[in-house]
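**Student:** What follows is the residue order along each chain.
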Amino acid sequence: MKKSLTIACIAAAAASVAMPAFAFEPDRPVEFVVTAGPGGGTDIFARTIQAIITKYELMKAPIVVVNKGSAGGAEGFVYAATAKGDAYKLTFGTNNAYLLPIRAKVPYTEADLTPVAALASDEFVLWVNGKSDIKTAADFIAKAKAAPGELKVAGSQSKDVDQILTSMINDATGADIGYVPFKSGGEAAVQLAGDHVAANVNNPSENLGQWQAGMVKPVCVFKSERLKSETKVAGNEGWSDIPTCKESGIAIDNYAMPRTVWMAAGVDPDAVAFYTDVLKKVSETPEWQKYLADTSQSGTYMSGAEFSDFIKKDETAVSAVLKREGWLAN
Amino acid sequence: MENIGLLMEGFGHILSFNHILLMMLGVTLGILVGVLPGLGAPNGVSLLLPLTFSMDPISAIILLSCMYWGALFGGSTTSILFNIPGEPSSVATTFDGYPLARKGEASRALTLAFVSAGLGALAGVVMITLLSGWVANFALRFSSPEYFAVYFLAFASFISMGAQSPFKTLVSMMVGFALASVGMDTISGNLRLTFDIPELIKGVSFLVAVMGLFGIGELLLTAEEGLRFDGIKARVRLSEIGRTLIEMPRYWFTIGRSMLIGIWMGITPAGPTAASFMSYGVARRSARDKSQFGKGDPRGIVAPETADHSAGTSALLPMLALGVPGSATAAVMMGGLMIWGLTPGPTLFTDRPDFVWGLIASMYLGNIVAVILVIATVPLYASILRIPFAIIGPVIVAVIFSGAYQVGNAVSDMWLVLVFGLLGYVFKKLDYPLAPLVLAMVLGDKAEDAFRQSMLLSNGKLSVFWSNGLVTTLMLVGLALLLSPLVFWLLGISRRRRLGVPKPPQDGTPAA
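Sequence lines, in order, name chains A and B.
Heads up: the first sequence is residues 1 to 330, going by full-length UniProt numbering.
Heads up: the second sequence is residues 1 to 512, going by full-length UniProt numbering.
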């Protein structure tokens with residue numbers, strides 16, 4: 001209560017400037033539902049947007065951020081889904097929004113949500129321990145094939161993006177690499193730094209600190225082209241020096257995780273249009289560019305039909321993996 | 001000692017009027033959020049976080065970390081006064097803190113808690129100062145089997161110490177395990193024990209459970225006993241604080257042992273909750289006179305509080321050095337670091353020594369400021385108990401329910417509090433211990449995850465728990481602790497038998 005009040009006061013003080021007219025405009029506090037715990041990637045995603053909206057006064061109404069990250073984010077999506085038609089709740093997540101109902105018996109379906117926009121796409125990199133003799137993706141696969149079932153990849157959550165990618169690597173190369181789920185990418189990073197597992201497939205920001213210290217090193221990035229950031233991270237090595245997995249021995253073209261914003265089903269299209277516009281403006285600010293650079297994500301803004309098409313494509317691709325592994329919930 | 005030099009430089013960075021003022025502000029805000037159950041340190045810190053974006057990183061981290069210290073102290077206050085733990089790690093403080101307060105010695109209980117908490121935190125900071133480089137590398141050696149061994153150790157040191165029958169302890173612990181497994185399972189990603197009830201997918205919050213079990217359960221008992229607190233008779237005298245301070249050195253051994261347990265559990269990193277339970281368990285077990293434990297033994301307050309705070313402080317080291325948050329609050333602060341333009345991780349120590357050592361120096365000062373401020377509030381808090389129960393009782397109920405709502409912003413949690421309140425009342429009436437249930441709820445799912453991860457890592461071989469020196473030692477100590485009551489019991493039987501024989505032993509063995 002206290003938290004919401006204070007944030008409300010701050011935001012109310014900031015948002016007192018007139019705005020262009022829209023068919024819909026929030027006139028009471030808007031809830032930002034974060035489908036992850038405090039401090040995680042999704043949390044920083046939502047709070048950065050909150051800070052930018054407040055700074056540029058893109059919305060008159062105050063914003064209240066709530067974390068509902070239990071059950072892999074399902075808690076937040078269920079909360080959003082039960083608020084049918086509520087134009088005062090934005091839900092922040094990844095592709096877990098539409099993957100969770102496919103792989104687990106959660107009490108909501110994708111039809112309960114309205115896609116608003118995707119603002120960024122987080123990349124996946126294959127990392128090994130800093131002292132490992134593995135240099136290329138081909139080395140890694142050769143090592144995995146020499147000892148079937150012995151090599152382990154640590155990742156965040158079960159049957160989620162990390163495990164799906166591991167399964168795709170096995171499928172593409174014929175290797176038999178095991179997967180061990182941990183609670184977060186941070187834990188997976190430390191397990192690799194301590195040399196308890198052979199690799200992880202963390203997002204760039206999750207392993208940045210360990211790479212700087214030489215405890216882990218990148219092998220390849222799951223993307224059709226190299227990363228753009230020229231920043232040097234460890235010595236002469238930088239993001240753009242990481243080869244793509246496709247060119248170095250694992251035939252997986254593009255694998256990324258979109259950072260997405262949702263509303264409940266049945267909301268007024270005017271409200272969706274309003275928030276789409278606000279988020280578009282957010283994605284054009286220098287602060288947003290700084291956030292993307294700091295976390296080594298790609299800025300891919302999508303909304304409307306483009307976003308819906310992307311969801312369908314991503315869903316089909318991932319469902320195929322889930323089906324092959326027998327992880328479909330229904 | 002290179003680190004001492006760096007620490008002195010750190011003090012140079014933070015010793016300014018503004019920073020001291022920020023510390024006092026942080027601690028005061030922290031005490032406020034700590035006293036309100038459910039609001040707690042993580043929420044308080046994330047609430048303040050946006051305000052720090054315009055500050056320089058050192059001022060910002062001073063404010064946030066001092067708020068964290070304040071919240072930890074505030075959490076013990078409600079444990080002692082109302083039997084409502086504000087934080088998971090202050091549950092063990094209720095076991096003896098609340099009985100002592102009910103005896104009319106609330107000031108003594110609070111002072112004992114605050115001073116030992118302060119000492120514990122200082123021990124943690126001293127460890128960080130002296131051993132930062134070594135500890136960071138040590139924490140890297142921990143994988144799932146080691147984690148499981150540490151949790152096993154915590155269970156083993158706490159189990160079988162209860163005064164109640166071992167079967168009641170077992171029942172209570174199993175209920176705790178069952179509650180801990182509600183929600184999504186980390187290893188399989190499937191939902192368990194949710195019965196298609198949407199409210200249950202987030203699991204049963206530990207804080208909601210303890211607020212019901214301890215807070216509401218206790219209120220029901222008090223109401224049944226005739227609506228009065230025994231503490232009402234207590235007079236608040238300043239001299240009582242002074243007398244307690246003089247009393248402190250008597251517990252030097254308990255304090256020292258609890259510091260070691262706390263530091264160990266903080267860096268391993270099982271965390272403050274496991275540390276406080278383990279420290280309480282060890283203190284109770286090793287005490288010569290156990291009769292006062294659970295009825296207000298000062299050692300029962302000193303042990304968990306010291307360990308809680310030395311673990312909480314030590315746990316910040318893995319966060320700084322490895323970039324892994326040891327607690328929810330640390331996770332929020334880490335998010336802050338990123339927004340302030342710092343990368344938490346191994347290179348932080350070399351890239352920004354001014355920040356790291358400024359933070360460490362602020363831990364020394366911040367904790368001293370916190371202890372002074374909270375001790376100053378003791379008369380105020382202790383006098384709350386003089387308010388008639390008919391007034392304070394409903395206030396506590398209101399605080400518990402709003403706290404339960406705060407935990408997950410969910411109305412369903414308020415119903416859960418009621419259910420747990422009744423459960424707590426029934427447990428008390430039937431003389432079932434609550435502590436094993438709480439311990440199982442806190443560590444149950446972590447232990448389960450660690451065990452199943454170990455099995456995945458080793459392809460199902462149990463020998464993974466004896467695969468290196470570290471994990472073997474942990475398991476052996478755990479087994480020794482688990483089996484020691486049985487051994488003592490057998491020894492006791494044989495001793496009694498021998499004493500029953502009139503003639504002295506012939507074989508030279510002492511009659512003990």
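In case anyone wonders, no lab produced these hints; they're calculated from the structure.
Careful, some of the hints might be misleading.
Stated by the list, open to error - Coverage of chain A stretches by chain B, computed from C-beta distances (three or more under 8 angstroms per stretch; other residues unrestricted):
| no. | region |
| --- | --- |
| 1 | 92 to 105 |
| 2 | 141 to 149 |
| 3 | 207 to 216 |
| 4 | 245 to 256 |
Claimed, not checked - Quick list of the computed label-pair ranges, beta carbon to beta carbon:
| no. | chain 1 | residue 1 | chain 2 | residue 2 | range |
| --- | --- | --- | --- | --- | --- |
| 5 | B | ILE20 | A | ASP139 | 26 to 36 angstroms |
| 6 | A | GLU284 | B | LEU130 | 28 to 38 angstroms |
| 7 | A | SER319 | B | ASN18 | 29 to 39 angstroms |
| 8 | A | SER298 | B | SER383 | 33 to 43 angstroms |
| 9 | A | LYS131 | B | LEU462 | 45 to 55 angstroms |
| 10 | B | ILE20 | A | LYS232 | 35 to 45 angstroms |
| 11 | B | ILE197 | A | THR136 | 43 to 53 angstroms |
| 12 | A | SER319 | B | LEU131 | 31 to 41 angstroms |
By construction, the Cβ of each residue, glycine as well, lies at the ideal position given by its N, Cα and C atoms.
**Student:** It remains to establish, for every hint, whether it holds in the given structure.
**Tutor:** Here's how the hints hold up against the structure:
| no. | hint | verdict |
| --- | --- | --- |
| 1 | 92 to 105 | holds (count 3) |
| 2 | 141 to 149 | violated (count 1) |
| 3 | 207 to 216 | holds (count 6) |
| 4 | 245 to 256 | violated (count 0) |
| 5 | B/ILE20 x A/ASP139: 26 to 36 angstroms | violated, 55 angstroms |
| 6 | A/GLU284 x B/LEU130: 28 to 38 angstroms | violated, 50 angstroms |
| 7 | A/SER319 x B/ASN18: 29 to 39 angstroms | violated, 56 angstroms |
| 8 | A/SER298 x B/SER383: 33 to 43 angstroms | violated, 59 angstroms |
| 9 | A/LYS131 x B/LEU462: 45 to 55 angstroms | violated, 29 angstroms |
| 10 | B/ILE20 x A/LYS232: 35 to 45 angstroms | holds, 39 angstroms |
| 11 | B/ILE197 x A/THR136: 43 to 53 angstroms | holds, 50 angstroms |
| 12 | A/SER319 x B/LEU131: 31 to 41 angstroms | violated, 50 angstroms |
Of the hints listed earlier, those the structure fails to meet are numbers 2, 4, 5, 6, 7, 8, 9 and 12, in rising order.
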